Amino acid sequence: PWQRLRQAPRHLLVCERGHVRHERSRHAAHVRDHAYNCGVSFLIPECGILPEVLKSTIADLGEYYLVKNLSVHEFVAHEFIDAFVKKGSCYALTYNTKIDQDNTAAVLPNGKLILSVDKDTYEELGLQGRPSRYSGKKVMRYIITIDLADSSFHPDSKKHNRVLWALKEKKPLEFDFLMAWHSAGAEGSTLMSYFSKNQIRALKPKITFSTLRDLQCPVLQSNELQGQPEESCGTEELFEWLGAVLNQVSLDNKSSSFLSTYCCPQPSVVVEKAFLCTITGFIIPEKIIQLLDQLCCYFGEPKLAYWLTLTVHGFADSPVSWRESEHGFHKGGENLYNFVIFRNLDYWLQMAVGTNDDCPP
Amino acid sequence: VGAALPVDVLTYEEKTLCAILRVISSGFVKLWSALTLLGFYQNRRCAFRVLQASPFLLALSGNSRELVL
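Protein sequences appear in the order of chains U and D.
Counting in our numbering, the first sequence runs from 1 upward without gaps.
Counting in our numbering, the second sequence runs from 362 upward without gaps.
If you're looking for bench data, these hints aren't it; they were derived computationally from the structure.
Mixed in with the good hints there might be a few duds.
Said to hold, decoys possible - Taking lysine-lysine and the BS3-like style, the derived pairs with C-alpha atoms no more than 25 Å apart in a straight line are:
| no. | chain 1 | residue 1 | chain 2 | residue 2 |
| --- | --- | --- | --- | --- |
| 1 | U | Lys159 | U | Lys171 |
| 2 | D | Lys376 | U | Lys206 |
| 3 | U | Lys119 | U | Lys171 |
| 4 | U | Lys170 | U | Lys119 |
| 5 | U | Lys273 | U | Lys98 |
| 6 | D | Lys376 | U | Lys171 |
What the hints assert, rightly or not - One side only, chain U facing chain D, incomplete, derived with CB under 8 Å:
| no. | residue |
| --- | --- |
| 7 | Cys47 |
| 8 | Ala244 |
| 9 | Leu246 |
| 10 | Cys263 |
| 11 | Gln266 |
| 12 | Tyr306 |
| 13 | Asp317 |
| 14 | Asn344 |
Said to hold, decoys possible - Between beta-carbon pairs, the in silico distance windows are:
| no. | chain 1 | residue 1 | chain 2 | residue 2 | range |
| --- | --- | --- | --- | --- | --- |
| 15 | U | Asp120 | D | Leu412 | 51 to 57 Å |
| 16 | D | Glu375 | U | Gln221 | 36 to 42 Å |
| 17 | D | Ile385 | U | Lys170 | 28 to 34 Å |
| 18 | U | Asp120 | D | Phe401 | 50 to 56 Å |
| 19 | U | Lys273 | D | Phe401 | 41 to 47 Å |
| 20 | D | Leu412 | U | Glu124 | 29 to 35 Å |
| 21 | U | Ala149 | D | Ile385 | 25 to 31 Å |
| 22 | U | Gln128 | D | Arg406 | 34 to 40 Å |
| 23 | U | Gln221 | D | Phe409 | 29 to 35 Å |
| 24 | D | Leu412 | U | Asp176 | 20 to 26 Å |
| 25 | D | Ile385 | U | Gln266 | 17 to 23 Å |
| 26 | U | Ser183 | D | Phe409 | 43 to 49 Å |
| 27 | D | Arg406 | U | Gln221 | 38 to 44 Å |
| 28 | U | Asp176 | D | Glu375 | 32 to 38 Å |
Keep in mind that this is a model prediction, so the values were computed, not measured.
Ideal Cβ placement from N, Cα and C applies to all residues, glycine included.
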């Protein structure tokens, strides 16, 4: 029992190295596979204002929607599937539901409808699912996955009728949803007009800019993930340093300070200024990829900075982390990733998850 | 806890009365328990509410549970 007092919940941080222009680079795939993002930040050392190359991407982050009191069976309707699931990429996630307590639903761009429900709801619904991986010995949570885009899910199929009956009549489920749709050129109605009968609100991501002065930045070498003593810092040190910067933690405490002993990893240099931009809302991977591409273009011209970072936070209460890996909330629902893009377009990609999560891809 | 187990106060904001604390992993449970049980300070009643806990400092800069639309 005394052992338990000293145990902290497990977590995982993986780091991958690559080059953006390499044909087999998986950087875009990792971004695309992480569907639900509530915050994106980028930090550019030696930069004081929003770079020109990023202006249009920042201006065009698109909209997302909050639809209140939406019944889940609406996603199973074929008008919805044909208009938004089979064309473009549709993202939906329940808003203000806690993955460790409440029922949660999500629609992935690959057409899968994911329901994460408690035991009572699962038994009342009567749809086939599997126990949650993070439920412990006594199963209290189940995951039901319905492939809306599957060819066998057409309007007259038994499967479709059973799902519709379960969600419409047996155990209706209603939530507030955050939604977004990336049309990829497809024509047709928009989410706003389709859900005009529901309480739907269009929202724009919130953007803040700040310029940090005299910032101590670690020295990094793209080919040295672990760092080199006296020459460069490693990925874990960078990850923690970035956390300190984004949380406004003072970077130069002395080890004798009684308040905090945190200090910037060494070796480091002081940069006169650094530009920090933070975007919050319901941000889809397509926009993050655009942002990433433009950040790479930043190094198209000679710049003082050796590297810049792009950090993306996932929703703590999302039922999935990457692809369809189940995500849970133990003491923290972290699922985030961070790119460090170097001048030569080498990159480090760090992916972090908490206790109730699979290893990131 | 502060004497037996080193705890860093990384940030403190007087306006929101919010702080970020750092402790070694083996001290995590003890620190959280100590905060929960601390009901008085210098004869004044007080309570601590843990908003977010993570092994990653970077995770604390984004909290979807506090997303206000």
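Hints and how they fare:
Restraint check: the Cα-Cα separation between U:Lys159 and U:Lys171 comes to about 16 Å, which is no more than 25 Å; the hinted pair holds. Restraint check: the Cα-Cα separation between D:Lys376 and U:Lys206 comes to about 22 Å, which is no more than 25 Å; the hinted pair holds. For the hint pairing U:Lys119 with U:Lys171, the CA-to-CA distance comes to about 13 Å; that is within 25 Å, so the pair holds. With a C-alpha separation of about 15 Å, the suggested pair U:Lys170 and U:Lys119 falls inside the 25 Å cut-off, and the hint holds.
For the hint pairing U:Lys273 with U:Lys98, the CA-to-CA distance comes to about 39 Å; that exceeds 25 Å, so the pair is violated. Pair hint D:Lys376 plus U:Lys171 does not hold up; C-alpha atoms about 46 Å apart against a cutoff of 25 Å. With a cut of 8 Å, the hint placing U:Cys47 at the interface with chain D is violated, because the nearest CB-to-CB distance is about 19 Å. Interface restraint check: U:Ala244 against chain D, minimum CB-CB distance 6 Å, threshold 8 Å, status holds.
Interface restraint check: U:Leu246 against chain D, minimum CB-CB distance 4 Å, threshold 8 Å, status holds. For U:Cys263, the interface hint is violated, since its Cβ never comes within 8 Å of a Cβ in chain D; the closest pair sits about 10 Å apart. At a threshold of 8 Å, the smallest CB-CB gap from U:Gln266 to chain D is about 18 Å, leaving the interface hint violated. The beta carbon of U:Tyr306 is not positioned within 8 Å of any beta carbon in chain D (closest approach about 20 Å), and the interface hint is therefore violated.
For U:Asp317, the shortest C-beta to C-beta distance to chain D is roughly 7 Å, which falls under 8 Å, so the interface hint holds. Contact between U:Asn344 and chain D, as hinted, is not supported at the beta carbon level, the nearest pair being about 24 Å apart and thus beyond 8 Å. The hinted range of 51 to 57 Å is not satisfied by U:Asp120 and D:Leu412, whose Cβ atoms lie roughly 30 Å apart. Checking the proposed 36 to 42 Å range against D:Glu375 and U:Gln221 shows it holds: the Cβ atoms sit about 40 Å from each other.
A beta carbon spacing of about 50 Å between D:Ile385 and U:Lys170 contradicts the range 28 to 34 Å that was offered as a hint. Our hint of 50 to 56 Å for U:Asp120 and D:Phe401 is violated, since their Cβ atoms are close to 41 Å apart. Range check, U:Lys273 to D:Phe401: Cβ separation about 45 Å, and the 41 to 47 Å hint holds. Checked against the hint of 29 to 35 Å, the C-beta distance between D:Leu412 and U:Glu124 comes to roughly 34 Å, which is consistent with it.
Taken as a hint, the range 25 to 31 Å is violated for the pair U:Ala149 and D:Ile385, whose Cβ atoms sit roughly 48 Å apart. Distance hint check for U:Gln128 and D:Arg406: the Cβ-Cβ separation is about 52 Å, which falls outside the suggested range of 34 to 40 Å. Here the CB-CB span from U:Gln221 to D:Phe409 is close to 41 Å, at odds with the stated 29 to 35 Å. Distance hint for D:Leu412 and U:Asp176: a CB-CB separation of about 22 Å, consistent with the stated range 20 to 26 Å.
Under the hint 17 to 23 Å, the C-beta atoms of D:Ile385 and U:Gln266, about 21 Å apart, fit the expected range. Between U:Ser183 and D:Phe409 the Cβ separation comes to about 47 Å, which falls inside the hinted range of 43 to 49 Å. A C-beta distance of roughly 53 Å is found between D:Arg406 and U:Gln221, which places it outside the suggested range of 38 to 44 Å. The hinted range of 32 to 38 Å is satisfied by U:Asp176 and D:Glu375, whose Cβ atoms lie roughly 34 Å apart.
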